[in-house]
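Here are the chains, one letter per residue:
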Amino acid sequence: MRVEHATHSSRIGIAIIAIALVVFALAPFWGDRQTLRLLAEIFTFVALASLWNLLAGYAGLVSVGQQAFVGLGGYLLFALVIILDVHPIWAILIAGPVAAVVAVPVAALIFRLRGAYFAIGTWVVAEVFRLLASQISVLGGGSGISLPASAVIAMAPSRQAREFETYWLALGLTIIVLATIVVLLRSRHGLALTAIRDNETAAQSSGVGVIRIKFYVYVLVAFGTSMIGALIFLMKLRISPDTAFSVNDWTAFVIFITVIGGIGRIEGPIIGTIVFFMLRQTLADLGSLYLLMMGAVAIVVMLWAPKGLWGLIAERFGWQALPLQRYLVLTPKTEEAGRKP
Amino acid sequence: MGWTNVILQGVLIGGLYAMFAAGLSLIFGVMRLVNIAHGDLIVLAAYVALMVTQTLGIDPLTSLLLVTPVMALIGYALQRGLLNRTLGDDLLPPLLVTFGLSIIIQNGLLELFTADSRKLQAGAIEIQTFQLLQGVWVGLLPLIQFVVAVAVIAGLQTLFYRTALGRAFRATSDDQAVAQLMGLDTRHVFAMAMALSLAIIAIAGVFLAVRANFDPSIGPARLIFGFEAVIIGGLGSMWGTLAGGVILGVSQAIGAQIDPGWQLLAGHIVFLVILAVRPQGLFPKVSG
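Keeping their order, the protein sequence lines are chains A and B. Last residue of the first sequence: 341 (this note's numbering), numbering continuous. Last residue of the second sequence: 1288 (this note's numbering), numbering continuous.
Do not take every clue at face value.
What the hints assert, rightly or not - If you only want the chain A side, here are some residues facing chain B, beta carbon under 8 Å, derived:
hint, residue
1, 107
2, 112
3, 116
4, 131
5, 305
6, 309
By construction, these hints were calculated from the structure, which means they are not laboratory data. Cβ atoms here follow ideal geometry from the backbone N, Cα and C, with glycine treated the same way.
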């Protein structure tokens, strides 16, 4: 007997993903400036939503304070570039591990809050980060600061080369985030995480170290979220405490994307982001009404289709886009071994 | 005398925070629901009061006679129509639904009332002060607010331990299934708890709106103050919640005195320190 991950649908899924990756990687040669910018923004939201999905959907850590790490990443980028004169791309790479180090004591503190109060605890942490950021006068205090032109020019001489560079950076980072999540879920720890997702008590009694795994996931997600945050603010070229630690942009949208797409499934955030951006391109003029509608749609999905759009598809057709599920396959050899006694 | 005044102002503001916290604590106690829209409902109550005072031409404190039942009705309907569906073993639905509700209320208010700051005018009592001790002055309105907060907490305590409804609350809180077997309609009990929570929210919202400017975006911060007061005081203890509110109010007042930028930060830091050294809160009663 052996365990298999792949199914027919996941082989098709892999093929589609491979083609999409080639198309996206070549986007600078077929897309105009607007398209590249939109695609890069979509990638960052796929990454943020996938990370939140890992945190809330799999590890059961419902955070409404991930803007803490998006903002931390953004501020680390600006601090490293402005104060220490680090190259922006290095700054993005450094932002990840630094945020992970920050996440350790944060987790130690807020893991004391049980269940739902944990969610508000994460929000308090984000507020503390925001208030601290507005105290740093070197980085513009409460009103924010722009990335110095010299640092931007240091990335690449021409504007076009710079735009290509940030685009590929966004694509690359998002692929790394998604690949890490897939590898994690296929590993031993992924099995434990899936068990926690399905039933925490049962997972615990089967010998899964629930608290330890949750802690690792929290730190890992902080690592990734912070790097994406740094990238987002490299694209924006300007940061302020209110934009960096915005609960609407980095938590509300991300949660709605994940819930609508399908929480607790790796495909969910991708589907959710596509739906979100299609709606946004058509309804963006509505302003606050758009957020209101997103909130209402998320509530309806949560109550009547809790597994989201992808959950509906996956259950109806038994599809999976990536080989993550585990199937037992009986091989002839073990069947014989089974017959012997 | 400067510091005495600062601390006194902090204590009085703490009463308001205790009212933010009491409604939150009540529904968590009865149905283990953490209402992320709590702060936005406080702001909603402030806008309801704004409409009532403007259309009827009455003062804000009188408007409570109307605002409180309106909010209680909204609470009952919200629980029966929406939130009861989210309750169960899974943490996600109640959190995400109340989070969605928070976004809906915020943006709905933004559409209806714009982002402009508003304030309720309470007339003469707003500026009346009297001398408590030599050199220590107290505003009449903050004092009324604190007395009302104490009355709300005392009222809740009495309701919980002296009335049939309170018994139903405690029974459902202890064991929902058994309460149901004893003939309690838990859907109704939960809806009554939410109605009561929103009645307290109405009082808190009106005092908030009289004391300072408000706009649709300030809800989440009120949720956080209420939450911090609950955790500082200890889960399940009503008088602890009042103490938690006072500690938070005093910390903020002292922080603001040192540096205006440190007002909110000081409150959060005291909360985090208490979480680190005494995670069960100062006066815990039940473990959550």
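Hint compliance check: list the failing hint numbers for this structure, sorted ascending. Violated: hints 1, 5 and 6.
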